[in-house]
Amino acid sequence: MITPRFSCAQTAESVMISVYCPSVRASDVEINIDGNMFSLHVNPYFLRLNFTNSVVEDDASSAQYDPSTGYLTVTLTKEIKGQEFDDLDLLAKLLAPRPTVQEPLIETQKLSLHDREILEAAQNDWQLPQRIPPLEQPSLTIRVRYGFLDMHSGYFTNVAYTENEVNELGFEAEVLTPSERRQRRIKHEDEKWDEEHYMADFADDGYIQELTRWTHPYLSHTHKVTYTEKENATMLNLPRKEYLLTDVQTHNLYLTLATILFSYAYDMRTNQCDPTPESAWTICSLTPSFSALDPPPCSSECDPKLGFSLNEISSTFVASYRRSFAFPLYRSFILAEKCRKRTVFRCLLEMKDILDHHDVYYVYSKVWLDDLCVWTQTYASDDVFARLGVLVKDASITKDSIGWDLDQLEDVVRQHPHEGEQREVDSDDE
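Take 1 as the starting number for the sequence shown in the numbering used here and just add one per residue.
Bear in mind the hints are in silico, worked out from the structure with no lab data behind them.
Heads up, the beta-carbon is just placed ideally off N, CA and C, and yes, glycines get one too.
A couple of the hints might just be wrong.
As the list claims (entries may be wrong) - Under the rule of at most 30 Å between Cα atoms (straight-line distance), these lysine-lysine pairs were calculated in the DSBU-like manner:
no., residue 1, residue 2
1, Lys187, Lys230
2, Lys192, Lys78
3, Lys93, Lys366
4, Lys393, Lys338
Said to hold, decoys possible - Between beta-carbon pairs, the in silico distance windows are:
no., residue 1, residue 2, range
5, Glu337, Met235, 43 to 53 Å
6, Leu329, Tyr243, 19 to 29 Å
7, Glu278, Glu84, 50 to 60 Å
8, Leu329, Asp394, 23 to 33 Å
9, His416, Tyr379, 47 to 57 Å
10, Asp303, Ala63, 21 to 31 Å
11, Glu13, Lys93, 21 to 31 Å
12, Thr246, Gly154, 22 to 32 Å
13, Asp204, Gln183, 31 to 41 Å
14, Asp89, Asn32, 47 to 57 Å
15, Thr228, Thr11, 18 to 28 Å
16, Asp28, Val390, 37 to 47 Å
17, Pro129, Asp407, 19 to 29 Å
18, Gln272, Phe171, 47 to 57 Å
Assemble the whole structure, with the sequences as input and the hints as a guide.
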(Lines of atoms letter the chains of each structure in order from A and count residues from 1; the text may use other names and numbers.)
(Lines give C-alpha, C1' and ligand atoms only; values in the text may rest on other atoms or scores of the structure.)
Protein backbone atom coordinates (compact mmCIF):
# COMPACT_ATOMS: atom_id res chain seq x y z
CA MET A 1 0.00 0.00 0.00
CA ILE A 2 1.14 3.54 -0.77
CA THR A 3 0.88 6.29 1.82
CA PRO A 4 -0.42 9.27 -0.19
CA ARG A 5 0.61 12.89 0.23
CA PHE A 6 -1.84 14.71 2.48
CA SER A 7 -2.41 17.81 4.56
CA CYS A 8 -4.87 18.76 7.30
CA ALA A 9 -6.63 21.96 8.28
CA GLN A 10 -9.43 22.89 10.67
CA THR A 11 -12.20 25.32 11.43
CA ALA A 12 -14.15 25.68 14.67
CA GLU A 13 -16.55 22.92 13.58
CA SER A 14 -14.60 20.67 11.18
CA VAL A 15 -11.35 19.00 10.22
CA MET A 16 -10.40 18.92 6.52
CA ILE A 17 -8.07 16.26 5.11
CA SER A 18 -6.74 16.83 1.57
CA VAL A 19 -5.33 13.62 0.05
CA TYR A 20 -3.51 13.36 -3.28
CA CYS A 21 -4.62 10.12 -4.95
CA PRO A 22 -4.64 10.63 -8.74
CA SER A 23 -6.37 8.40 -11.27
CA VAL A 24 -8.73 6.57 -8.90
CA ARG A 25 -12.48 6.03 -8.95
CA ALA A 26 -14.37 8.03 -6.35
CA SER A 27 -16.82 5.14 -5.93
CA ASP A 28 -13.98 2.91 -4.67
CA VAL A 29 -13.00 5.17 -1.78
CA GLU A 30 -13.52 3.60 1.66
CA ILE A 31 -13.53 5.91 4.69
CA ASN A 32 -13.82 4.79 8.33
CA ILE A 33 -14.04 6.81 11.53
CA ASP A 34 -13.35 5.36 14.98
CA GLY A 35 -13.19 8.07 17.62
CA ASN A 36 -10.01 9.98 16.92
CA MET A 37 -8.83 7.59 14.19
CA PHE A 38 -9.50 8.29 10.52
CA SER A 39 -8.67 5.73 7.81
CA LEU A 40 -8.97 5.92 4.03
CA HIS A 41 -8.43 3.16 1.48
CA VAL A 42 -8.61 3.34 -2.31
CA ASN A 43 -6.33 1.01 -4.22
CA PRO A 44 -3.34 1.41 -4.15
CA TYR A 45 -3.46 4.07 -1.38
CA PHE A 46 -3.97 3.64 2.36
CA LEU A 47 -3.97 6.41 4.95
CA ARG A 48 -4.61 6.16 8.69
CA LEU A 49 -4.46 9.26 10.89
CA ASN A 50 -4.73 9.54 14.67
CA PHE A 51 -5.99 12.96 15.78
CA THR A 52 -5.70 14.37 19.29
CA ASN A 53 -9.50 14.54 19.58
CA SER A 54 -12.50 12.69 18.18
CA VAL A 55 -14.34 13.32 14.92
CA VAL A 56 -17.70 12.09 13.67
CA GLU A 57 -19.51 11.62 10.37
CA ASP A 58 -22.77 13.54 10.15
CA ASP A 59 -24.80 15.50 7.63
CA ALA A 60 -22.15 18.24 7.57
CA SER A 61 -19.41 15.77 6.65
CA SER A 62 -18.46 15.28 3.00
CA ALA A 63 -15.92 13.80 0.62
CA GLN A 64 -15.26 15.41 -2.77
CA TYR A 65 -12.88 14.14 -5.44
CA ASP A 66 -11.50 16.38 -8.19
CA PRO A 67 -10.22 14.15 -11.02
CA SER A 68 -8.54 17.10 -12.75
CA THR A 69 -6.16 17.65 -9.81
CA GLY A 70 -6.23 14.19 -8.24
CA TYR A 71 -7.12 15.55 -4.79
CA LEU A 72 -9.74 14.03 -2.48
CA THR A 73 -10.99 16.46 0.19
CA VAL A 74 -12.65 14.89 3.23
CA THR A 75 -14.48 17.11 5.71
CA LEU A 76 -15.27 15.63 9.14
CA THR A 77 -17.20 17.20 12.03
CA LYS A 78 -15.51 17.69 15.38
CA GLU A 79 -17.27 15.76 18.12
CA ILE A 80 -16.92 18.80 20.36
CA LYS A 81 -17.44 21.97 18.35
CA GLY A 82 -14.80 24.63 18.95
CA GLN A 83 -12.24 22.14 20.27
CA GLU A 84 -8.71 22.80 19.01
CA PHE A 85 -6.94 19.88 17.28
CA ASP A 86 -3.23 20.14 18.03
CA ASP A 87 -0.32 19.17 15.78
CA LEU A 88 -2.18 18.87 12.48
CA ASP A 89 1.05 19.92 10.78
CA LEU A 90 3.10 17.13 12.41
CA LEU A 91 2.62 14.42 9.79
CA ALA A 92 4.72 11.78 11.55
CA LYS A 93 2.64 12.14 14.70
CA LEU A 94 -0.61 11.83 12.76
CA LEU A 95 0.65 8.69 11.03
CA ALA A 96 1.90 7.03 14.21
CA PRO A 97 -0.13 3.93 15.15
CA ARG A 98 -2.59 4.19 18.01
CA PRO A 99 -1.10 2.86 21.28
CA THR A 100 -2.15 -0.71 21.89
CA VAL A 101 -3.80 -1.59 25.16
CA GLN A 102 -2.35 -4.60 26.95
CA GLU A 103 -5.15 -7.12 27.16
CA PRO A 104 -5.20 -9.91 29.73
CA LEU A 105 -3.94 -13.22 28.40
CA ILE A 106 -6.70 -15.40 27.00
CA GLU A 107 -6.39 -19.13 26.65
CA THR A 108 -6.96 -19.35 22.89
CA GLN A 109 -6.73 -23.12 22.73
CA LYS A 110 -10.32 -23.40 23.96
CA LEU A 111 -11.61 -20.92 21.35
CA SER A 112 -12.96 -21.93 17.95
CA LEU A 113 -10.98 -21.08 14.82
CA HIS A 114 -13.47 -18.32 13.96
CA ASP A 115 -13.21 -16.78 17.46
CA ARG A 116 -9.40 -16.94 17.39
CA GLU A 117 -9.33 -15.10 14.04
CA ILE A 118 -11.58 -12.36 15.44
CA LEU A 119 -9.38 -12.05 18.54
CA GLU A 120 -6.16 -11.81 16.50
CA ALA A 121 -7.71 -9.16 14.23
CA ALA A 122 -8.82 -7.13 17.26
CA GLN A 123 -5.39 -7.36 18.90
CA ASN A 124 -3.67 -6.37 15.65
CA ASP A 125 -6.03 -3.39 15.20
CA TRP A 126 -5.14 -3.42 11.49
CA GLN A 127 -2.15 -1.19 12.16
CA LEU A 128 -0.64 -1.31 8.69
CA PRO A 129 2.83 0.27 8.48
CA GLN A 130 2.98 3.81 7.12
CA ARG A 131 5.70 6.28 6.28
CA ILE A 132 5.78 9.99 5.70
CA PRO A 133 5.19 10.49 1.94
CA PRO A 134 8.13 12.20 0.23
CA LEU A 135 7.78 15.72 -1.03
CA GLU A 136 7.01 15.87 -4.73
CA GLN A 137 10.21 16.49 -6.62
CA PRO A 138 10.31 18.03 -10.09
CA SER A 139 10.74 15.22 -12.60
CA LEU A 140 13.88 15.24 -14.73
CA THR A 141 12.09 13.22 -17.41
CA ILE A 142 9.32 14.44 -19.65
CA ARG A 143 6.07 12.66 -18.82
CA VAL A 144 4.50 11.40 -22.01
CA ARG A 145 0.83 11.66 -22.83
CA TYR A 146 -1.57 9.12 -24.30
CA GLY A 147 -5.24 8.34 -24.83
CA PHE A 148 -7.77 10.44 -26.69
CA LEU A 149 -5.88 13.29 -28.44
CA ASP A 150 -2.97 12.57 -26.05
CA MET A 151 -4.90 14.35 -23.31
CA HIS A 152 -4.04 12.01 -20.43
CA SER A 153 -1.09 11.05 -18.22
CA GLY A 154 -0.48 9.67 -14.74
CA TYR A 155 -2.97 6.78 -14.93
CA PHE A 156 -0.18 4.18 -14.83
CA THR A 157 2.05 5.81 -12.21
CA ASN A 158 1.21 3.13 -9.63
CA VAL A 159 0.54 0.29 -12.05
CA ALA A 160 2.70 -2.06 -9.95
CA TYR A 161 -0.06 -2.06 -7.31
CA THR A 162 -2.84 -3.06 -9.72
CA GLU A 163 -3.52 -6.36 -11.44
CA ASN A 164 -3.49 -4.91 -14.93
CA GLU A 165 -2.72 -7.98 -17.03
CA VAL A 166 -3.20 -6.24 -20.38
CA ASN A 167 -0.71 -3.42 -19.78
CA GLU A 168 2.35 -4.38 -21.82
CA LEU A 169 4.43 -1.35 -20.83
CA GLY A 170 4.52 -1.81 -17.06
CA PHE A 171 5.67 1.15 -15.00
CA GLU A 172 7.37 2.56 -18.11
CA ALA A 173 3.98 3.47 -19.59
CA GLU A 174 4.50 7.02 -18.30
CA VAL A 175 7.89 7.52 -19.98
CA LEU A 176 8.01 5.51 -23.23
CA THR A 177 7.69 7.44 -26.48
CA PRO A 178 5.12 6.41 -29.11
CA SER A 179 7.78 4.67 -31.23
CA GLU A 180 9.07 2.78 -28.18
CA ARG A 181 5.54 1.68 -27.30
CA ARG A 182 5.08 0.29 -30.81
CA GLN A 183 8.35 -1.64 -30.62
CA ARG A 184 7.36 -3.03 -27.23
CA ARG A 185 3.94 -4.08 -28.56
CA ILE A 186 5.33 -5.91 -31.60
CA LYS A 187 7.93 -7.67 -29.45
CA HIS A 188 5.26 -8.85 -27.00
CA GLU A 189 3.05 -10.13 -29.83
CA ASP A 190 5.97 -12.12 -31.25
CA GLU A 191 6.63 -13.61 -27.81
CA LYS A 192 2.99 -14.61 -27.34
CA TRP A 193 2.58 -16.07 -30.83
CA ASP A 194 2.02 -19.83 -30.53
CA GLU A 195 2.20 -21.85 -33.76
CA GLU A 196 0.69 -24.96 -32.15
CA HIS A 197 -2.33 -23.03 -30.88
CA TYR A 198 -3.01 -21.57 -34.32
CA MET A 199 -2.56 -24.97 -36.02
CA ALA A 200 -4.87 -26.65 -33.52
CA ASP A 201 -7.64 -24.13 -34.15
CA PHE A 202 -7.13 -24.49 -37.91
CA ALA A 203 -7.29 -28.31 -37.69
CA ASP A 204 -10.33 -28.44 -35.40
CA ASP A 205 -12.39 -25.46 -36.53
CA GLY A 206 -15.93 -26.71 -36.04
CA TYR A 207 -16.82 -24.19 -33.35
CA ILE A 208 -14.98 -21.38 -35.16
CA GLN A 209 -17.04 -22.08 -38.29
CA GLU A 210 -20.15 -21.79 -36.13
CA LEU A 211 -18.95 -18.41 -34.80
CA THR A 212 -18.33 -17.10 -38.30
CA ARG A 213 -21.92 -17.90 -39.31
CA TRP A 214 -23.35 -15.91 -36.39
CA THR A 215 -24.85 -12.50 -37.22
CA HIS A 216 -24.73 -9.59 -34.80
CA PRO A 217 -28.27 -8.34 -34.04
CA TYR A 218 -27.29 -4.75 -34.91
CA LEU A 219 -26.51 -5.74 -38.48
CA SER A 220 -30.09 -6.87 -39.05
CA HIS A 221 -31.69 -3.64 -37.76
CA THR A 222 -33.67 -1.87 -40.46
CA HIS A 223 -35.50 0.53 -38.18
CA LYS A 224 -34.30 3.53 -36.23
CA VAL A 225 -32.31 2.60 -33.12
CA THR A 226 -34.00 3.52 -29.84
CA TYR A 227 -31.63 3.86 -26.90
CA THR A 228 -32.49 2.21 -23.60
CA GLU A 229 -32.89 4.09 -20.32
CA LYS A 230 -29.48 2.78 -19.22
CA GLU A 231 -27.84 4.04 -22.40
CA ASN A 232 -29.53 7.43 -22.03
CA ALA A 233 -28.28 7.67 -18.44
CA THR A 234 -24.74 6.86 -19.64
CA MET A 235 -24.97 9.60 -22.28
CA LEU A 236 -26.06 12.14 -19.66
CA ASN A 237 -22.99 11.29 -17.56
CA LEU A 238 -20.52 11.75 -20.40
CA PRO A 239 -18.14 14.71 -20.05
CA ARG A 240 -19.17 18.01 -21.62
CA LYS A 241 -16.19 18.91 -23.79
CA GLU A 242 -15.35 20.79 -26.94
CA TYR A 243 -12.62 19.44 -29.20
CA LEU A 244 -10.52 21.53 -31.59
CA LEU A 245 -9.01 18.93 -33.90
CA THR A 246 -6.63 19.14 -36.83
CA ASP A 247 -7.31 17.12 -39.99
CA VAL A 248 -4.61 14.62 -39.01
CA GLN A 249 -6.04 14.15 -35.52
CA THR A 250 -9.53 13.57 -36.92
CA HIS A 251 -8.16 11.10 -39.46
CA ASN A 252 -6.31 9.16 -36.74
CA LEU A 253 -9.38 9.03 -34.51
CA TYR A 254 -11.39 7.26 -37.21
CA LEU A 255 -8.58 4.70 -37.60
CA THR A 256 -8.37 4.14 -33.85
CA LEU A 257 -12.13 3.75 -33.63
CA ALA A 258 -11.98 1.05 -36.30
CA THR A 259 -9.48 -1.01 -34.25
CA ILE A 260 -11.56 -0.60 -31.08
CA LEU A 261 -14.68 -1.79 -32.92
CA PHE A 262 -12.71 -4.79 -34.18
CA SER A 263 -12.04 -5.80 -30.55
CA TYR A 264 -15.68 -5.29 -29.67
CA ALA A 265 -16.78 -7.37 -32.67
CA TYR A 266 -14.42 -10.20 -31.70
CA ASP A 267 -15.71 -10.34 -28.13
CA MET A 268 -19.37 -10.09 -29.13
CA ARG A 269 -18.96 -12.78 -31.79
CA THR A 270 -17.16 -15.25 -29.50
CA ASN A 271 -19.74 -14.86 -26.72
CA GLN A 272 -22.68 -14.11 -29.06
CA CYS A 273 -23.65 -10.80 -27.46
CA ASP A 274 -23.55 -12.15 -23.90
CA PRO A 275 -20.52 -10.46 -22.24
CA THR A 276 -18.57 -12.64 -19.81
CA PRO A 277 -16.20 -11.77 -16.93
CA GLU A 278 -13.39 -12.07 -19.52
CA SER A 279 -14.91 -9.55 -21.94
CA ALA A 280 -13.03 -6.58 -20.47
CA TRP A 281 -9.74 -8.48 -20.78
CA THR A 282 -10.49 -9.53 -24.36
CA ILE A 283 -11.44 -6.04 -25.55
CA CYS A 284 -8.42 -4.40 -23.92
CA SER A 285 -5.96 -7.11 -25.01
CA LEU A 286 -6.99 -6.89 -28.67
CA THR A 287 -6.88 -3.08 -28.80
CA PRO A 288 -3.33 -1.73 -29.40
CA SER A 289 -4.28 1.75 -28.16
CA PHE A 290 -5.30 0.20 -24.80
CA SER A 291 -2.79 -2.55 -24.10
CA ALA A 292 0.26 -0.74 -25.48
CA LEU A 293 -1.05 2.85 -25.72
CA ASP A 294 -0.31 2.53 -29.42
CA PRO A 295 -3.09 3.91 -31.66
CA PRO A 296 -2.65 3.65 -35.43
CA PRO A 297 -1.09 6.84 -36.83
CA CYS A 298 -1.78 8.40 -40.18
CA SER A 299 0.63 6.77 -42.66
CA SER A 300 3.43 8.94 -44.02
CA GLU A 301 2.04 8.98 -47.56
CA CYS A 302 -1.60 9.71 -46.67
CA ASP A 303 -3.32 13.04 -47.05
CA PRO A 304 -6.18 13.38 -44.52
CA LYS A 305 -7.99 15.82 -46.81
CA LEU A 306 -8.22 13.09 -49.48
CA GLY A 307 -9.79 10.58 -47.10
CA PHE A 308 -8.81 6.97 -46.47
CA SER A 309 -7.21 4.44 -48.78
CA LEU A 310 -7.61 0.66 -48.90
CA ASN A 311 -3.90 0.18 -48.21
CA GLU A 312 -4.12 2.39 -45.12
CA ILE A 313 -7.16 0.51 -43.77
CA SER A 314 -5.44 -2.83 -44.37
CA SER A 315 -2.30 -1.66 -42.56
CA THR A 316 -4.37 -0.40 -39.65
CA PHE A 317 -5.97 -3.80 -39.10
CA VAL A 318 -2.71 -5.77 -39.22
CA ALA A 319 -2.07 -5.05 -35.52
CA SER A 320 -5.62 -6.14 -34.63
CA TYR A 321 -5.22 -9.38 -36.57
CA ARG A 322 -1.86 -10.12 -34.94
CA ARG A 323 -3.33 -9.66 -31.49
CA SER A 324 -6.32 -11.86 -32.29
CA PHE A 325 -3.82 -14.61 -33.25
CA ALA A 326 -1.60 -14.16 -30.18
CA PHE A 327 -3.83 -13.63 -27.14
CA PRO A 328 -7.46 -14.89 -27.03
CA LEU A 329 -8.75 -18.44 -26.84
CA TYR A 330 -9.88 -18.69 -30.50
CA ARG A 331 -7.10 -17.83 -32.99
CA SER A 332 -8.27 -18.01 -36.56
CA PHE A 333 -7.82 -15.95 -39.72
CA ILE A 334 -11.39 -16.52 -40.90
CA LEU A 335 -12.69 -15.44 -37.48
CA ALA A 336 -10.63 -12.25 -37.67
CA GLU A 337 -12.07 -11.56 -41.13
CA LYS A 338 -15.61 -11.75 -39.72
CA CYS A 339 -14.87 -9.09 -37.12
CA ARG A 340 -14.50 -6.23 -39.62
CA LYS A 341 -18.07 -4.97 -39.50
CA ARG A 342 -19.30 -1.40 -38.91
CA THR A 343 -21.17 -0.55 -35.68
CA VAL A 344 -20.40 2.63 -33.82
CA PHE A 345 -21.99 4.60 -30.98
CA ARG A 346 -24.07 1.90 -29.35
CA CYS A 347 -21.07 -0.45 -29.48
CA LEU A 348 -18.96 2.20 -27.73
CA LEU A 349 -21.59 2.52 -25.01
CA GLU A 350 -21.58 -1.26 -24.52
CA MET A 351 -17.78 -1.35 -24.30
CA LYS A 352 -17.80 1.57 -21.88
CA ASP A 353 -20.29 -0.28 -19.66
CA ILE A 354 -18.13 -3.42 -19.67
CA LEU A 355 -14.93 -1.54 -18.78
CA ASP A 356 -16.55 0.83 -16.27
CA HIS A 357 -17.58 -2.15 -14.15
CA HIS A 358 -14.09 -3.69 -14.08
CA ASP A 359 -11.90 -2.96 -11.06
CA VAL A 360 -8.74 -2.37 -13.13
CA TYR A 361 -9.56 -1.91 -16.81
CA TYR A 362 -11.91 1.03 -16.19
CA VAL A 363 -8.80 3.16 -16.77
CA TYR A 364 -9.07 2.55 -20.53
CA SER A 365 -12.62 3.84 -20.49
CA LYS A 366 -11.33 7.04 -18.91
CA VAL A 367 -8.44 7.66 -21.31
CA TRP A 368 -10.27 6.61 -24.50
CA LEU A 369 -13.95 5.65 -24.45
CA ASP A 370 -15.42 8.63 -22.55
CA ASP A 371 -14.07 11.11 -25.07
CA LEU A 372 -14.64 8.82 -28.05
CA CYS A 373 -18.32 8.57 -27.13
CA VAL A 374 -18.62 12.37 -26.97
CA TRP A 375 -16.67 12.85 -30.19
CA THR A 376 -18.61 10.15 -32.08
CA GLN A 377 -21.97 11.55 -31.03
CA THR A 378 -21.14 15.22 -31.56
CA TYR A 379 -18.35 15.62 -34.09
CA ALA A 380 -17.99 12.44 -36.17
CA SER A 381 -19.47 12.46 -39.67
CA ASP A 382 -22.08 9.93 -40.79
CA ASP A 383 -20.80 10.29 -44.35
CA VAL A 384 -17.24 9.46 -43.26
CA PHE A 385 -18.53 6.47 -41.30
CA ALA A 386 -20.36 5.26 -44.40
CA ARG A 387 -17.26 5.59 -46.60
CA LEU A 388 -15.05 4.05 -43.94
CA GLY A 389 -17.46 1.14 -43.53
CA VAL A 390 -17.25 0.35 -47.25
CA LEU A 391 -13.44 0.50 -47.18
CA VAL A 392 -13.25 -1.73 -44.11
CA LYS A 393 -15.45 -4.28 -45.85
CA ASP A 394 -13.39 -4.17 -49.06
CA ALA A 395 -9.94 -3.99 -47.46
CA SER A 396 -7.71 -7.03 -47.95
CA ILE A 397 -5.40 -8.19 -45.19
CA THR A 398 -2.94 -10.75 -46.54
CA LYS A 399 -1.51 -13.47 -44.37
CA ASP A 400 2.00 -12.39 -45.38
CA SER A 401 1.40 -8.96 -43.82
CA ILE A 402 0.90 -10.51 -40.36
CA GLY A 403 4.58 -11.42 -40.09
CA TRP A 404 4.08 -15.08 -39.14
CA ASP A 405 4.08 -18.07 -41.50
CA LEU A 406 0.31 -18.61 -41.49
CA ASP A 407 0.11 -20.11 -45.01
CA GLN A 408 2.92 -22.54 -44.25
CA LEU A 409 1.33 -23.65 -40.99
CA GLU A 410 -2.05 -24.16 -42.65
CA ASP A 411 -0.41 -26.22 -45.43
CA VAL A 412 1.18 -28.46 -42.79
CA VAL A 413 -2.22 -29.09 -41.23
CA ARG A 414 -3.79 -29.84 -44.62
CA GLN A 415 -1.05 -32.37 -45.42
CA HIS A 416 -1.05 -33.85 -41.92
CA PRO A 417 -4.59 -33.36 -40.53
CA HIS A 418 -3.68 -34.63 -37.06
CA GLU A 419 -0.55 -32.48 -36.77
CA GLY A 420 -2.26 -29.62 -34.96
CA GLU A 421 -4.86 -31.47 -32.93
CA GLN A 422 -2.63 -32.16 -29.93
CA ARG A 423 -0.88 -29.37 -28.09
CA GLU A 424 0.03 -28.46 -24.55
CA VAL A 425 -2.52 -26.55 -22.51
CA ASP A 426 -1.32 -23.05 -21.67
CA SER A 427 -2.47 -20.23 -19.39
CA ASP A 428 -4.74 -18.76 -22.08
CA ASP A 429 -6.83 -21.95 -22.11
CA GLU A 430 -7.13 -21.78 -18.33
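Going down the list of hints, with the structure as the test:
no. : hint                        : in the structure
1   : Lys187 x Lys230             : violated (40 Å)
2   : Lys192 x Lys78              : violated (57 Å)
3   : Lys93 x Lys366              : violated (37 Å)
4   : Lys393 x Lys338             : holds (10 Å)
5   : Glu337 x Met235: 43 to 53 Å : violated (32 Å)
6   : Leu329 x Tyr243: 19 to 29 Å : violated (37 Å)
7   : Glu278 x Glu84: 50 to 60 Å  : holds (55 Å)
8   : Leu329 x Asp394: 23 to 33 Å : holds (29 Å)
9   : His416 x Tyr379: 47 to 57 Å : holds (53 Å)
10  : Asp303 x Ala63: 21 to 31 Å  : violated (51 Å)
11  : Glu13 x Lys93: 21 to 31 Å   : holds (23 Å)
12  : Thr246 x Gly154: 22 to 32 Å : holds (25 Å)
13  : Asp204 x Gln183: 31 to 41 Å : holds (35 Å)
14  : Asp89 x Asn32: 47 to 57 Å   : violated (23 Å)
15  : Thr228 x Thr11: 18 to 28 Å  : violated (46 Å)
16  : Asp28 x Val390: 37 to 47 Å  : holds (43 Å)
17  : Pro129 x Asp407: 19 to 29 Å : violated (58 Å)
18  : Gln272 x Phe171: 47 to 57 Å : violated (38 Å)
This entry does not satisfy hints 1, 2, 3, 5, 6, 10, 14, 15, 17, 18, going by the numbered hints stated previously.
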